[in-house]
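Asker: Here is how the chains run, residue by residue.
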Amino acid sequence: SQQGEEDPQALSIQEGENATMNCSYKTSINNLQWYRQNSGRGLVHLILIRSNEREKHSGRLRVTLDTSKKSSSLLITASRAADTASYFCATDMVGNKLVFGAGTILRVKS
Amino acid sequence: EAGVAQSPRYKIIEKRQSVAFWCNPISGHATLYWYQQILGQGPKLLIQFQNNGVVDDSQLPKDRFSAERLKGVDSTLKIQPAKLEDSAVYLCASSLDGGGGLEQFFGPGTRLTVL
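Protein sequences appear in the order of chains W and B.
Note that my numbering gives residue 100 to position 100 of the first sequence, counting from 1, and the numbers run on in steps of one.
Count along the second sequence starting at 1, add 1000, and that's the number in my numbering.
What the hints contain is simulated information worked out from the structure, not anything from laboratory work.
It cannot be assumed that every hint is accurate.
Quick list of the computed label-pair ranges, beta carbon to beta carbon [stated by the list, open to error]:
{"#": "1", "chain 1": "W", "residue 1": "Lys109", "chain 2": "B", "residue 2": "Ser1018", "range": "27 to 37 Å"}
{"#": "2", "chain 1": "W", "residue 1": "Thr64", "chain 2": "B", "residue 2": "Ser1058", "range": "23 to 33 Å"}
{"#": "3", "chain 1": "W", "residue 1": "Glu17", "chain 2": "B", "residue 2": "Ser1066", "range": "17 to 27 Å"}
{"#": "4", "chain 1": "B", "residue 1": "Pro1081", "chain 2": "W", "residue 2": "Lys109", "range": "18 to 28 Å"}
{"#": "5", "chain 1": "B", "residue 1": "Gly1028", "chain 2": "W", "residue 2": "Glu53", "range": "26 to 36 Å"}
{"#": "6", "chain 1": "W", "residue 1": "Gln14", "chain 2": "B", "residue 2": "Gln1017", "range": "40 to 50 Å"}
{"#": "7", "chain 1": "B", "residue 1": "Gly1028", "chain 2": "W", "residue 2": "Gly95", "range": "26 to 36 Å"}
{"#": "8", "chain 1": "B", "residue 1": "Gln1017", "chain 2": "W", "residue 2": "Arg54", "range": "44 to 54 Å"}
{"#": "9", "chain 1": "W", "residue 1": "Gly95", "chain 2": "B", "residue 2": "Arg1016", "range": "34 to 44 Å"}
{"#": "10", "chain 1": "B", "residue 1": "Arg1064", "chain 2": "W", "residue 2": "Arg41", "range": "39 to 49 Å"}
{"#": "11", "chain 1": "W", "residue 1": "Val44", "chain 2": "B", "residue 2": "Trp1022", "range": "15 to 25 Å"}
For glycine and all other residues, C-beta sits at the position ideal for the given N, C-alpha and C.
With the sequences and hints as input, model every part of the structure.
Answerer: This is how it looks when you write it as structure tokens:
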């Protein structure tokens, strides 16, 4: 079974716009990670946020975590065509065992 | 730094045949993972090794899937016999250890088609 559920399933935006993806999960976690997958580079780790953190930034990425609502969001600012990919949240409950959601497909049009 | 290596990249077999996938993790990474990713879904963990011991294989269909990691480095995943529903991308990943809070590094995957 998949712990995380991403929303929306697909998102299409213009280059330069911001993209927001959401992830909800069901049980308590140690941390939550976001990964990107495209055909050229496979699955790549983007950012990790621990359960005692509320917000984290990395370049154009901003991740928030609300453990009371069991939800997280990934914001990509000033999107580029190269950001076109599938984005997955993955929850880590114990021992680095990741449970992935079904992903959000992001298309950035130039 | 060399990434996670996997081979073959593509494999097409008939149902009931057997197939094996190979993975070489990043040097020094103690933990190795095999995932199955069916089209349109996220990766699902099949098995997790810490060095050459199995940490978690709760989602591995043990009647047909087997995996080993001899000497705590390379790993092979085998399917015997394959079913149509095994068509998927098989991803190998590694991390420094399995203590939690660590990013996993993924290989390019092996795309398996079972006819």
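Asker: Now look at each hint and say whether the structure bears it out.
Answerer: Against the structure, the hints:
Take lysine 109 of chain W and serine 1018 of chain B: their Cβ atoms lie about 44 Å apart, and the range 27 to 37 Å is violated. Restraint check, threonine 64 of chain W to serine 1058 of chain B: a C-beta distance of roughly 31 Å satisfies the suggested window 23 to 33 Å. Hint check: glutamate 17 of chain W to serine 1066 of chain B, Cβ distance near 47 Å, so the stated range 17 to 27 Å is violated. A hinted range of 18 to 28 Å for the beta carbons of proline 1081 of chain B and lysine 109 of chain W is inconsistent with their spacing of about 45 Å.
A hinted range of 26 to 36 Å holds for the C-beta pair glycine 1028 of chain B and glutamate 53 of chain W, which are about 27 Å apart. Glutamine 14 of chain W and glutamine 1017 of chain B have their C-beta atoms about 47 Å apart, which keeps the hinted 40 to 50 Å range intact. Distance hint check: the CB atoms of glycine 1028 of chain B and glycine 95 of chain W are about 19 Å apart, inconsistent with the given range 26 to 36 Å. Under the hint 44 to 54 Å, the C-beta atoms of glutamine 1017 of chain B and arginine 54 of chain W, about 51 Å apart, fit the expected range.
Checked against the hint of 34 to 44 Å, the pair glycine 95 of chain W and arginine 1016 of chain B passes, with Cβ atoms roughly 35 Å apart. Checked against the hint of 39 to 49 Å, the pair arginine 1064 of chain B and arginine 41 of chain W fails, with Cβ atoms roughly 31 Å apart. About 22 Å separates the C-beta atoms of valine 44 of chain W and tryptophan 1022 of chain B, a value consistent with the hinted range of 15 to 25 Å.
The earlier numbered hints that this structure contradicts are 1, 3, 4, 7 and 10.
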